[in-house]
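For reference, the chains in residue letters:
There are 2 protein chains.
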Amino acid sequence: MSMEALKERIVREGQGIGRGVLKVDSFLNHQIDVAFLDEIGRALAERFAGCSVTKILTVESSGIPVACAVSRAMGYPPVVFAKKAAPNTMVEGVYSTDVKSFTKETVSTIRVSRKFLQPEDRILIIDDFLAYGESALGLTRLVRSAGADVTGIGVVIEKRFQGGSAKLKQAGFQVESLAVIRSITDGNIEFQ
Amino acid sequence: MSMEALKERIVREGQGIGRGVLKVDSFLNHQIDVAFLDEIGRALAERFAGCSVTKILTVESSGIPVACAVSRAMGYPPVVFAKKAAPNTMVEGVYSTDVKSFTKETVSTIRVSRKFLQPEDRILIIDDFLAYGESALGLTRLVRSAGADVTGIGVVIEKRFQGGSAKLKQAGFQVESLAVIRSITDGNIEFQ
Numbered sequence: 204m205s206m207e208a209l210k211e212r213i214v215r216e217g218q219g220i221g222r223g224v225l226k227v228d229s230f231l232n233h234q235i236d237v238a239f240l241d242e243i244g245r246a247l248a249e250r251f252a253g254c255s256v257t258k259i260l261t262v263e264s265s266g267i268p269v270a271c272a273v274s275r276a277m278g279y280p281p282v283v284f285a286k287k288a289a290p291n292t293m294v295e296g297v298y299s300t301d302v303k304s305f306t307k308e309t310v311s312t313i314r315v316s317r318k319f320l321q322p323e324d325r326i327l328i329i330d331d332f333l334a335y336g337e338s339a340l341g342l343t344r345l346v347r348s349a350g351a352d353v354t355g356i357g358v359v360i361e362k363r364f365q366g367g368s369a370k371l372k373q374a375g376f377q378v379e380s381l382a383v384i385r386s387i388t389d390g391n392i393e394f395q
Numbered sequence: 204m205s206m207e208a209l210k211e212r213i214v215r216e217g218q219g220i221g222r223g224v225l226k227v228d229s230f231l232n233h234q235i236d237v238a239f240l241d242e243i244g245r246a247l248a249e250r251f252a253g254c255s256v257t258k259i260l261t262v263e264s265s266g267i268p269v270a271c272a273v274s275r276a277m278g279y280p281p282v283v284f285a286k287k288a289a290p291n292t293m294v295e296g297v298y299s300t301d302v303k304s305f306t307k308e309t310v311s312t313i314r315v316s317r318k319f320l321q322p323e324d325r326i327l328i329i330d331d332f333l334a335y336g337e338s339a340l341g342l343t344r345l346v347r348s349a350g351a352d353v354t355g356i357g358v359v360i361e362k363r364f365q366g367g368s369a370k371l372k373q374a375g376f377q378v379e380s381l382a383v384i385r386s387i388t389d390g391n392i393e394f395q
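Residue numbers (our numbering), protein chains in the order written: chain A, 204 to 395; chain B, 204 to 395.
If you're looking for bench data, these hints aren't it; they were derived computationally from the structure. Worth double-checking, as some hints may not be accurate.
One copy or two, either will do: identical chains are not told apart, so a pair holds if it fits within one copy or between any two.
For lysine to aspartate or glutamate, the following DMTMM-like pairs were computed, each having C-alpha atoms within a straight-line distance of at most 20 Å [claimed, not checked]:
{"id": "1", "residue 1": "Lys318", "residue 2": "Glu308"}
{"id": "2", "residue 1": "Lys307", "residue 2": "Glu393"}
{"id": "3", "residue 1": "Lys226", "residue 2": "Glu263"}
{"id": "4", "residue 1": "Lys372", "residue 2": "Glu263"}
{"id": "5", "residue 1": "Lys318", "residue 2": "Glu216"}
{"id": "6", "residue 1": "Lys303", "residue 2": "Asp352"}
{"id": "7", "residue 1": "Lys210", "residue 2": "Glu393"}
{"id": "8", "residue 1": "Lys226", "residue 2": "Asp236"}
{"id": "9", "residue 1": "Lys318", "residue 2": "Asp236"}
{"id": "10", "residue 1": "Lys210", "residue 2": "Asp236"}
Predicted, not measured: the structure shown is a model, and the values here were computed from it.
So that you can see chain A by itself, here it is in the shape it has in the complex (with noise of 0.2 Å):
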């Protein structure tokens, strides 16, 4: 996919509301296009081509389909999602941190399963948005915490312009993002 098709498909479809949210609801976050979808995991999986890649993780809910696409474009590692809360089927040990949502002004548990993170592991990290990266710092504690090494994150929209993407590099971390958004100001959206 080249990022054009993306960015138009933002343009034409996105909701930028206020100053910094931005809705793709009819073919990411709500409603899936899973042709499109396909497209952006083929993407995603050039970005790290090359990386020797164990397993994928990401959190629940809107990350999963594009973890799942990334997967399938790279030979099938297998995908973990992190839960947001703790049902009560999950019993076994786990490991967690809290992330805080900017936009929901929230703090919730991130979670997932220690049989899932492994010392040896080599983990991709994929979600659909990066904004004040919050969620995907919290992802690389959990790796960390099993001991395991991020070999990247990537993901489909950056809000550039919420400094996500400079704190993770800042961490060491390399950051791929399919299209760079420099600024939504009154619902108009511009890329960098």
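Let chain A serve as the given structure and place chain B on it in line with the hints.
Structure of chain B alone, referenced to chain A:
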């Protein structure tokens, strides 16, 4: 995928808990084996071959990857996933209904944007599990709120002893389950 392959996987990796809970966290509900997921998608798509499906409806989170796999096998009808919370980015009109979870002993509201369900839609409902049928029934209510048709309900694993499929069939829906579990007793899984 043969039903046998799925059953074997459930026996080998699934964890029955008490008299009602089945965890298949190693390939479906926490870690996802995406190659196996694609086989599941093809098997479910076959069950509804010939139905003209315009959209696939599921509910977050673990239903999403299954729905995407079915979409891929059906020539890419859009997937819509109902949301369990109302994030502040979801501002337009929604269809909503309350769904009881017997497992978690909670009631949650599931919502879908009105713009993603149209009266002319023929909706295939897909989920990972069918237990008491409350979630699937909730999804059928959302479809009917929009004046659209339910073409059928497809799930990966049905716990028949919890009565969901009987309830749904009585309401006139075609229900297709790839694996049907008759009982879970002291963690022991018996198939139909």
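Tested hints:
1. Lys318 / Glu308: Neither way: lysine 318 and glutamate 308 sit 31 Å apart in one copy and 27 Å across, limit 20 Å.
2. Lys307 / Glu393: Neither: 23 Å inside a chain and 43 Å across chains, both beyond 20 Å.
3. Lys226 / Glu263: Both. Shortest intra-copy (17 Å) and inter-copy (17 Å) distances satisfy the 20 Å Cα cut-off.
4. Lys372 / Glu263: neither (23 Å within a copy, 31 Å between copies)
5. Lys318 / Glu216: between (40 Å within a copy, 13 Å between copies)
6. Lys303 / Asp352: Classified as neither; 23 Å inside a copy, 40 Å across copies.
7. Lys210 / Glu393: within (10 Å within a copy, 50 Å between copies)
8. Lys226 / Asp236: Close inside one copy (15 Å), not across copies (29 Å); limit 20 Å.
9. Lys318 / Asp236: Between copies only: 15 Å across chains, 32 Å inside a chain, cut-off 20 Å.
10. Lys210 / Asp236: Within one copy only: 15 Å inside, 31 Å across.
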